[in-house]
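*Asks:* The primary structure of each chain is shown beneath.
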Amino acid sequence: MKRTVYIVDDDAAVRTALQRSIQMREFHVETFSSADEFLNRAIVSYPCCLILDVRMPGMSGLDLQDRLSHSESRIPIIFITGHGDIPMSVRTIKKGAVDFLEKPYRVEALMECVDKAMALSEEWQQSAEERKTLLSRYASLTTREQEVLKLLVAGAANASSKDIARDLAISHRTVDDHRARIMSKMQARSLTELSTMSKICRVDS
Amino acid sequence: MDTQDVQESENVVRENGSWMPIVLVLLLALGSYLVWNSVSSINRIREALATEVLAQQNDVEKLISSYTDVLLALEMQRRQPGERAWSLLNQSLLSAQEQLGRMRQNYTFERLDGAARAHAFVNPIIEDVTDWLLDGVATYSSQNPIVLELAYRRLYERFEALKGISEETHAVASELIDDQETDLGSFRNTLLLQLLAFISLASVVIFLLYRHRLLQQRIVLGQQRSARRFRDFAAIGADWFWETDADMRLTSDTNFLELEDGSEAVPSSRDHSNGVSLSQRLLPLQKMRERKAFSNYECQLISDDGATRDLSISAWPMFSSKREFIGYRGVGSDITQRKDIERRLEQASADLVQAEAIGRMKAEAALTASEQFLRTTIDSLPQKILILDNERLIVETNRALEQSGNRIEDSSSRWSWKGRKVRAFFQAQPPMEFSEGVVSDLESLVAKLESVTKGKSRAFRVEYATHEGDNRCVYVMRVQPLESANECFALVLIEDVTAARNLAEQDRRLRSELAHAARLSTAGELASGLAHELNQPLTAISHNCDALGLILQSSSQINGEVGGTFAEMIDDLVKESQRAGDIIRSMRQMVQNDCQEFTAVDLNTLVRETLRLTKPEVRENRINVALSLASGLPHVLINPVQVQQVLVNLERNGVEAIVSSDASDRSLHIQTDLMDSRFVRISVADSGPGFSDQIQRNLFASFQSTKENGMGLGLSLSRTIVESHGGKIWLDSTGQPTRICFTLPCVQSQ
Chain A
1 MKRTVYIVDD DAAVRTALQR SIQMREFHVE TFSSADEFLN RAIVSYPCCL ILDVRMPGMS
61 GLDLQDRLSH SESRIPIIFI TGHGDIPMSV RTIKKGAVDF LEKPYRVEAL MECVDKAMAL
121 SEEWQQSAEE RKTLLSRYAS LTTREQEVLK LLVAGAANAS SKDIARDLAI SHRTVDDHRA
181 RIMSKMQARS LTELSTMSKI CRVDS
Chain B
1 MDTQDVQESE NVVRENGSWM PIVLVLLLAL GSYLVWNSVS SINRIREALA TEVLAQQNDV
61 EKLISSYTDV LLALEMQRRQ PGERAWSLLN QSLLSAQEQL GRMRQNYTFE RLDGAARAHA
121 FVNPIIEDVT DWLLDGVATY SSQNPIVLEL AYRRLYERFE ALKGISEETH AVASELIDDQ
181 ETDLGSFRNT LLLQLLAFIS LASVVIFLLY RHRLLQQRIV LGQQRSARRF RDFAAIGADW
241 FWETDADMRL TSDTNFLELE DGSEAVPSSR DHSNGVSLSQ RLLPLQKMRE RKAFSNYECQ
301 LISDDGATRD LSISAWPMFS SKREFIGYRG VGSDITQRKD IERRLEQASA DLVQAEAIGR
361 MKAEAALTAS EQFLRTTIDS LPQKILILDN ERLIVETNRA LEQSGNRIED SSSRWSWKGR
421 KVRAFFQAQP PMEFSEGVVS DLESLVAKLE SVTKGKSRAF RVEYATHEGD NRCVYVMRVQ
481 PLESANECFA LVLIEDVTAA RNLAEQDRRL RSELAHAARL STAGELASGL AHELNQPLTA
541 ISHNCDALGL ILQSSSQING EVGGTFAEMI DDLVKESQRA GDIIRSMRQM VQNDCQEFTA
601 VDLNTLVRET LRLTKPEVRE NRINVALSLA SGLPHVLINP VQVQQVLVNL ERNGVEAIVS
661 SDASDRSLHI QTDLMDSRFV RISVADSGPG FSDQIQRNLF ASFQSTKENG MGLGLSLSRT
721 IVESHGGKIW LDSTGQPTRI CFTLPCVQSQ
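Chains as they are written, first to last, in this note's numbering: chain A, 1 to 205; chain B, 1 to 750.
Treat the hints with care, since some could be wrong.
Said to hold, decoys possible - One-sided excerpt, in silico: chain A residues whose CB lies under 7 Å from chain B: (1) Ala13; (2) Val14; (3) Ala17; (4) Leu18; (5) Arg20; (6) His83; (7) Leu101; (8) Pro104; (9) Val107.
These are calculated hints, taken from the structure and not from any lab test. Since we're looking at a predicted model, the values are computed, not measured. Glycine included, each C-beta is placed from N, C-alpha and C at the ideal position.
Start from the sequences, fold in the hints, and give me the full structure.
*Replies:* Now the structure itself:
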């Protein structure tokens, strides 16, 4: 899969120059002149990353970062700026940016960040897929089985079948049956794994 | 009291008037009856008469017609004598007889004159005719035609005569009727006249009666009005009206002397049956004994419950038509309120007089105190005050004035400027240099003061300066005309404004410095904006160079050496654009006073690198640069870019100094050495002319520049940079050449 770099900067010369640099390093590059344009027109393909100018007319880079953090797509962001505002840079890092570079920067430094960002993106992609699989497995559980699962992971490490049976007012043998089926459906090999899986699925929330 | 009389007359009028309509009605009734009666009598008489006459007429007519029948029968007998004619004759004769008999009966009725007259006239005629007729009948029984003819002729004559008689009777009847009519008419007229007379009389009587009643009513109204007027005046005029008889007993009074709760205020015994005597206390007895009128006699009543009321009584005596004294008639008013106010007014006026006396004493005391206060105040003022009269003499001074200036020493400590000539005072002061204004020297000052005291000039103000010892003092003199007790004076106020002026000068200077600083901060903002703007193209350049480099790498067409040169150039391009960015960054940091990053750097390397930057200028101006860099120097912990800036600044300054003085010796000398264990020293010396003493004093101060377009920032910034590193910068003022040194901290080994 081709790795994509999205560039959002209001300065045309900078955009073009960036595009040239990055394309030469075998990335697919798409440029946008404003955050709005990016939101409206960009079709996100993973893995990817976003090089974002902070100060732009209309929606600023920071606002775009906020917007993206609330959306479905998880894109790693590298900020570049003509201003040297330390508090701002701290803020972007805290909000999850990969890095914050001040213009003019060394191109190598930028490319290092891009590589880092791409690795992150691939990682995220992978875990997203994992989550999807787990969720589909969870969906295959019956209602009763889901209840049992919840109790299994919510309780102490040694939640016994007897306790669960009492809570649900069924026999402990039934509970054991449920448990075996849950383990097989979820493809978990231990209770710990099951616990991890359910966390990923956010069963408890 | 009067109301009763009015009432009585009213009643009288009413009573009188009440029978009048009855009389009127009766009269009318009587009159109407009389009239009706008369008229109906007249009518009856007329009718009766008419009937009578008519009846007579009828009878005569009937007789005539029966005679006519007889005639006809006779005629028939004559022409055709026979049974038929004879029976007819008999018949007609019989009917004639009947008629005659009836008439005879009727004409025994002799009620009225006229009828009797007619009766008397007709009767003989009827007798005659009847006789004749009887005769004739006998005659006519013969059947002799000649006799018949004769009889007929005779009968016919008689008939004619009868007709004539009938006509006469007609005429007489008509005459009679006319006469009666006339009588009746005159009777009727008389009646009418009588009636008219009666009506007139009645009207007159009624009219008189009515007028009488109107008069009475008017009298009553007059009485009523007068009573009302009296009442109104009474209500406004006085509270109490009273009348007495000769024994001074109240015969009538308005219920004045009753208090609100109904209790009596007259302390005398009140006996309803006997009438009340006026209390002796209420009356001025002397006057009353003399039977004289008195007015506004004031007296006081004390009622049973202790309340006092003041009354004012006026009265006049009444005498009968026989000049006998019959009593007093008078009025009284309650003057309690007025008396009360009068008493209070007296009290207030007494109080006022007393208060005035006290007030005057207090005012005098206050005036003295205020004078004292004023004197103290004026004496405590730092300004010198004097008052001139119109003869140029000082009449008043304050302490500041007395203590100032060089007055003539006198053994007596009571010496004062009061009473001295004002010119003498001014001459005793150090010489005054007047600034531009209305006064230019002492003479004109004195002249102007005089014109103020004479009322010819208005207030004015002059400024002057004196030299007292080493200091230059500035004074402001304000002169104002003063009027007191119709005389004109001049008030002179002298104020030492030296300190104020100095402050003002300082203020002005600081403000201009501030403005300069503000301009600079704008410059800083400008720089910041500029920096941002510059960063964009630098980034673009950087990337483009990078791309170029990559293309070059991948391009096989460009061979080794050229490619190598290209690569070098691109490298330099990238490095320089990076450098530009660094410079911008550090310059911005400079302006923002951000915290800086320090790194350990070899100073000598830095110095050499810096020289590269200034190489173009140095070469262009043919300046020699000498380096004396100590070896083995420890690294210094610095921000290399900033320190480079300082070096560049110093070097540039040196170059400019040499160029501007066009000195023959054109050299720049840079030295580094270790000052002590903690600091390394660098110095930059140039062979330029150096700084003047004045410039030296403020060399590193902000905004001092010897250059034409200089911001005066270079050295000041340099100092900021050096001091923020913890070092110092100074001018090594030991003669030529001009050398500036600064220190930087060494990296402390851990």
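*Asks:* It remains to establish, for every hint, whether it holds in the given structure.
*Replies:* Going down the list of hints, with the structure as the test:
Given the 7 Å rule on beta carbons, the hint for Ala13 (chain A) holds: about 4 Å separates it from the nearest Cβ of chain B. Look at Val14 (chain A): its Cβ gets to within about 5 Å of chain B, closer than 7 Å, so that hint holds up. Taking 7 Å as the C-beta contact cut-off toward chain B, the hint placing Ala17 (chain A) at the interface holds, the least distance being around 3 Å. Hint on Leu18 (chain A) holds. Least Cβ distance to chain B is approximately 6 Å, under the 7 Å limit.
For the restraint placing Arg20 (chain A) at the interface with chain B, the shortest Cβ-Cβ distance is roughly 4 Å, inside the 7 Å limit, so the hint holds. Hint status for His83 (chain A) relative to chain B: holds, with the closest Cβ pair at about 6 Å, below 7 Å. The closest approach between the C-beta of Leu101 (chain A) and any C-beta of chain B is roughly 10 Å, which is over the 7 Å cut-off, so the hint fails. Taking 7 Å as the C-beta contact cut-off toward chain B, the hint placing Pro104 (chain A) at the interface holds, the least distance being around 4 Å.
The interface hint given for Val107 (chain A) is met, as the beta carbon of that residue sits about 4 Å from the closest beta carbon of chain B, less than 7 Å.
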